[in-house]
Structure formats: structure tokens, C-alpha cells
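Visitor: Protein sequence lines, in the order shown, are assigned to chains U and L.
Quick note on numbering: my numbering labels position 9 of the first sequence as 9, and the sequence is numbered without any gaps.
Quick note on numbering: my numbering labels position 240 of the second sequence as 1240, and the sequence is numbered without any gaps.
It is worth saying that the hints were derived from the structure and are not from the lab.
Beta carbons are placed, not taken as given, at the ideal position from N, Cα and C, and that holds for glycine.
Nothing false has been slipped in among the hints.
Here are the in silico distance ranges between beta carbons for each label pair: (1) K1004/L to T211/U: 58 to 64 Å; (2) S214/U to K1086/L: 28 to 34 Å; (3) E39/U to L1094/L: 55 to 61 Å.
In silico DSSO-like pairs for lysine-lysine, Cα to Cα no more than 30 Å straight-line: (4) K86/U to K1201/L; (5) K182/U to K1153/L; (6) K232/U to K1232/L; (7) K1078/L to K201/U; (8) K1175/L to K153/U; (9) K26/U to K98/U; (10) K153/U to K1098/L; (11) K153/U to K1146/L; (12) K1182/L to K153/U; (13) K175/U to K1153/L; (14) K1146/L to K201/U; (15) K1098/L to K146/U; (16) K146/U to K1146/L; (17) K232/U to K1114/L; (18) K1333/L to K232/U; (19) K153/U to K1269/L.
Examples of chain U residues lying across from chain L (beta carbon under 10 Å, computed): (20) E165; (21) S196; (22) A224; (23) D230.
Number of protein chains: 2
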Amino acid sequence: MKLKIAVLPGDGIGPEITKQAVKVLKAVAERFDHDFQFEEAIVGAAAIDATGDPLPPETLELCAGADAVLFGAIGHPKYDNDPNAKVRPEQGLLNLRKGLGLFANIRPVKAYTKLLDHSPLRPERIEGADLVIYRELTGGIYFGEKSTSEDGKSATDVCTYSVEEIERLTHLAFKAAQKRRKRVTLVDKANVLETSRLWRKTVADISSEYTDVSLDFLFVDNAAMQMILDPKQFDVILTENMFGDILSDEASVIGGSIGLLASASVGEKSALFEPIHGSYPQATGKGIANPVASILSAAMLLEHFNLHKEAKAVRDAVEESLHMNVCTQDLNKNNYYSTEKVGDFLEGYIIEAG
Amino acid sequence: MKLKIAVLPGDGIGPEITKQAVKVLKAVAERFDHDFQFEEAIVGAAAIDATGDPLPPETLELCAGADAVLFGAIGHPKYDNDPNAKVRPEQGLLNLRKGLGLFANIRPVKAYTKLLDHSPLRPERIEGADLVIYRELTGGIYFGEKSTSEDGKSATDVCTYSVEEIERLTHLAFKAAQKRRKRVTLVDKANVLETSRLWRKTVADISSEYTDVSLDFLFVDNAAMQMILDPKQFDVILTENMFGDILSDEASVIGGSIGLLASASVGEKSALFEPIHGSYPQATGKGIANPVASILSAAMLLEHFNLHKEAKAVRDAVEESLHMNVCTQDLNKNNYYSTEKVGDFLEGYIIEAG
Ligand SMILES: [Mg+2]
Ligand SMILES: [Mg+2]
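Using the sequences provided together with the hints, build the complete structure.
Guide: Quick look at the structure:
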């Protein structure tokens, strides 16, 4: 397969980890005989420094013309601590999501056997947990009308959803479930919210097109509880924007390491892949950043193009690295490997296993 | 002190557990020489059966005229499973909260040393955790305008808050913090929501009246994470209705037993105290229901009237019962005590310790 991949390393540790992900993708291309072309562009603080714009038009253009975007991380304290800053690095990602029409945020969470002891949860509760959250990314209360009364004494946020917005995400979630354990859980608050009732009706209607996938419903407050009590019960969680924001951050603690968590943001024509962690400026250039979240984001990219064998090869390599303790210092305090060395190990394993 | 307490046992295990709480309150009255008067009324399924109304006018009248309401639990499968049921037991509680003007929901969460092994979280993460959530109960998106477009293709919920609604809850939370570890955390989503910005401004303004209490802010998605990563960091959490709904249910898993979790709902003139668990119909009359959540709700009642020594006596008795393993079967599988026997132990301990 021929793929044109836009690479946006961004700020902080973004460039170091993205470099390892590209290395891994090149190893995959070599082993499985694909043609992956990479083109880099600036975004975030790096782009503000160079052009004044966190998402320069050329960067958006490159991404729009690419098959996929591999994204590093953005954010720099220089801008966070400046209350007069008119543009912020984070706008680069928000504008990019908007410019590419990305409406689905996909967050897998997995408890790796080797890392059970890192989790705040007891091992027996999480061993085998393997879920993915499909979160709507462009609608709901975060993007609704906002207002404050003239006297400043009251404020309002409006939450709206259309059937269309719900449908397009729902199809993605059900298709994902078909390739997994065939179970979708819709998280809503349908006993109280009108938008939730529209979600429930729309998702139930669509579910009849996927007879091999079961559907159940959970109120968001109960879901927040169940996520900790028994995360193994979940396969695909489907939910609206704000509930997905809360639940995906809550779920991120299950695996015990934020350095392993990948994500995808998907639209009709474009898809962007990025670790959930930030730019971690204080670690920049020290060779201590964990590249695995970026590398697992690359695995999601492969999966997105139905390169399942290829994605599996990357995941197998990661499992092996954890098993062999070839890890950065966040996971292996005493005998740790550098960012680069972890990337080298994964690259080597992918090529040799072929 | 003279207190008139309305007792609403409700359905399922409600009567059994409430009976133990009344027994404990009588023991407190005896030891500390108070005059507590109890008057019972029906609510929920029991009230529908008797009168057709889950909150008969006489019940509301009794509660409105009482100093406090001790509430059991409501709900019966007979009504849950009947799609044609026009009135539901749960409406009894909603109408009561409305009728009494209860605007603050207070949910303490504590990790008892003796029960650390029951928690899904690792003991070292939760040992010493002791927090309380102040949740706004009458406003926000749950009670805002709801609408569906004429073609049924989109739905809307409106979230509104007024300064007044925020102020009255905030004062309660800061006063509670003054008697605790003097720290309030406002949970909001002020980077996105206009209502959250009003919360932040209003709470920050009020905090200047409480110079001995520190205030910090946390976005709700991060709070959902921190609640699991490090619940010990929290003292008083202050938040709006829906965030409070989600976070208080999430936090309820920390202690490892829902059978110990009490709550209060407070208004200008009235206050209601109830366990967070439901009516558990399948356990009714078997003598296996854990009365401690109801008894700790009674301790919150005492605290509400500044009877701190008295509340402490109840809590000490509960700690002792856990220590001695005088527990119902949910906490002590092999050698358990009945609902009644646990109540007797606590009653005896309170009187004898005097
Ligand atoms: Mg978030
Ligand atoms: Mg709830």
C-alpha cells in the first residue's frame, strides 16, 4: 500500500517520540513491502515562533492532502505563562481538527500484564481489560451557544446534537466492534437529557444494521463507577463529547502509564494519530521520553487502513519490549533505556520477526 | 437539644435499616441527654400502594414541619417493570427534595482502614482518603429547558446557572471546609463552558470571605482522573449538578463498600439524610441489609445541628464495629451479623462509651 503521511512533530518531546514512530513505520514498510512517504510540517509553539501562526496554511494544506497525519505533541511554557499571548500552541491542534473535519476521537485503553503493578487499581480488577472509547468531537455543550446575562448574574451553555452527528460516529463504533468483541455500550443520561434520548434512539436504530454486535446502555454516572469497579466489562464505549472527555481521562489511569496511551481523531477524509500525553517540556532533549504512545498511535494509523497484520507486528513488538523491560525510565527506574534505544529495539524486532 | 425528626422508611430494606438508625439516634439522645422526637410517614412504592401518590401531602407536611428528615430508600420492581406505571416510587424523593427546597447534596467518602481490601483501588492509594462532595442539586443541565426540533432531527438541553444558586452552595462548602482540612476544590470546565466561568468567578469572590480556607480549581476530566490516582488530595469538592452526579458516583467506589455511604440533601430550612444505596428489594426482610449507611446518615444529621460530639460517638461506634468485625454479610462473609445485631452493637457501644 502507498500512503502519504504528514508528520507534525510539534513541541517539547514531540519531535523525539515522533521520530521513533516514523522509524517503526519505516520498519513496517520494509517488512511488509509498503510504500510510506513522510513529509514534515510545523505546528504549535514551533510554528508560532517561525510564523506567528500555530497552524500555518502550508501545514493544514499538507495534512489535507495526506492520507494520514502523525502528530507529536504541542504546548510550551513560554506561551502558557504569558497572559498576554494572543495565540496559543494548543490552537494549532484545535484548528487542525476543525480544518480536517475530524469528528471522532478514538481512545483505546489496555491493561498490559507486565505493567499491572503500575496501575492504581488492583491487578485482578484490570487484568485483561481492553476497551476503546469512541467520543464525538465536534458537537455538544463544548461547541454550543454560550451567553451571559447583561447584568452578569447568570450564564448559559447550550448542548445540541443532530441525528447526523450521532449517526456518523455510531457507524464507526459499530464497525470497530465488529472487529473486536462485538459489543457497544452507549453512555448517556437518557433519564434526564433530551440530547441523550436522541442519542439512544438514533444508536438503537443503527444497531439493527449490525446484527452481530450487541448494544447496551449505561448512564454516565454509573459508567464512571463501572469503569473502576469492572473495566473488563467494556468493549466499545460510544458517547457524546463531554461524557467522552470525562470518561476517557478517567479510563486513562487504568493501564497505569500515560506513556502508552495512543489516540486517533477521524473524519470523512482525514485521520490524525497522536499520543494522549502532552509536550512534557521539562524532558525535552534528554532522551527520557517514552516513545511507545506515539508508536502505538502509528499502529492505530496502520489499523485505520486495514493493515491489521502490520498493526499487530507493532503491538507485538511493544509487548515484547515491555516483557524484556526495554523501557524508558517511567516504566523501568533502575535499568532504563533511552527514547532512541526503545525505538531501535522495536524497529529491530519488527524487521527480524518478519 | 430538642429535635423533631420525620422518619420516612420507604421501600425494600428501607424500613429495616432506618429502624437501626432510629435506635442509634435514641441511644445518642439517652447518652447526651437530648430530646429527639420521631414521627413516621410513608413514601415511595409503599405510599403509592396506600394512596396512589409516592409523596402524599401529609408526608410532605410532616417533613416541612420537622427539623430534619431521616430517609430510608425507595423503589420497587413492581413499578420498575411496568411500562404503563404512571407514577413511580422515585418521584417521591424528587418531589420531596423540590417541596423542601433542598439545593445541596453532600456526599462524604472515606476509606476505612479495616476495609481497604474491599476497594478496587490499591490500599496505599486510598488509605487516609477522606473527602466530601458538595453538589448543586436544583440547577444546571438536568433542570434546563429541553427541546426536540419539529422534524425530530435534533435535540437540545440548556444549562443555566445564576450567581445566587452558586453562592448558597459555595457558602455551605466553605463552612464545611473550615471544620475540616480547610481546602476547597472547585471542579468545573472553565476552559470551555460559560457557566463554569461564572462558577469560577463567583466562588473566587466568595472565597475572600473565608481567609482560612484555600481554594483551587480542577477541570472535570482531570478531576475524574485524580479521583482515582490520588483521592487523598481532596478535602471538600464543590461542583455543579451533573459534574457532581458523575464524580460522586465515581468516588463511591473508593471505600470499597456502598453499604457505608451516607448523604445529606440540604436547603435553607430543611435537611434530609439518606444512605446512597437503593431499596435492594431482593434482600427485604432477610436481616442481611447493612444498616451502617443509614446510621452514618444519622451521624450527618447530628453534625448538621452542630452536635459534633454526638456525631463522633456514632462514628466511633461504627469504626469499632468494623474493627471487631461486627458486620453484615456484605463485609463479613463467613461470620456475619444480622441487620438488627449490628444496630444493637452500635446502640450498646454508644451508651456504654458514655
Ligand atoms: Mg480531557
Ligand atoms: Mg448518580
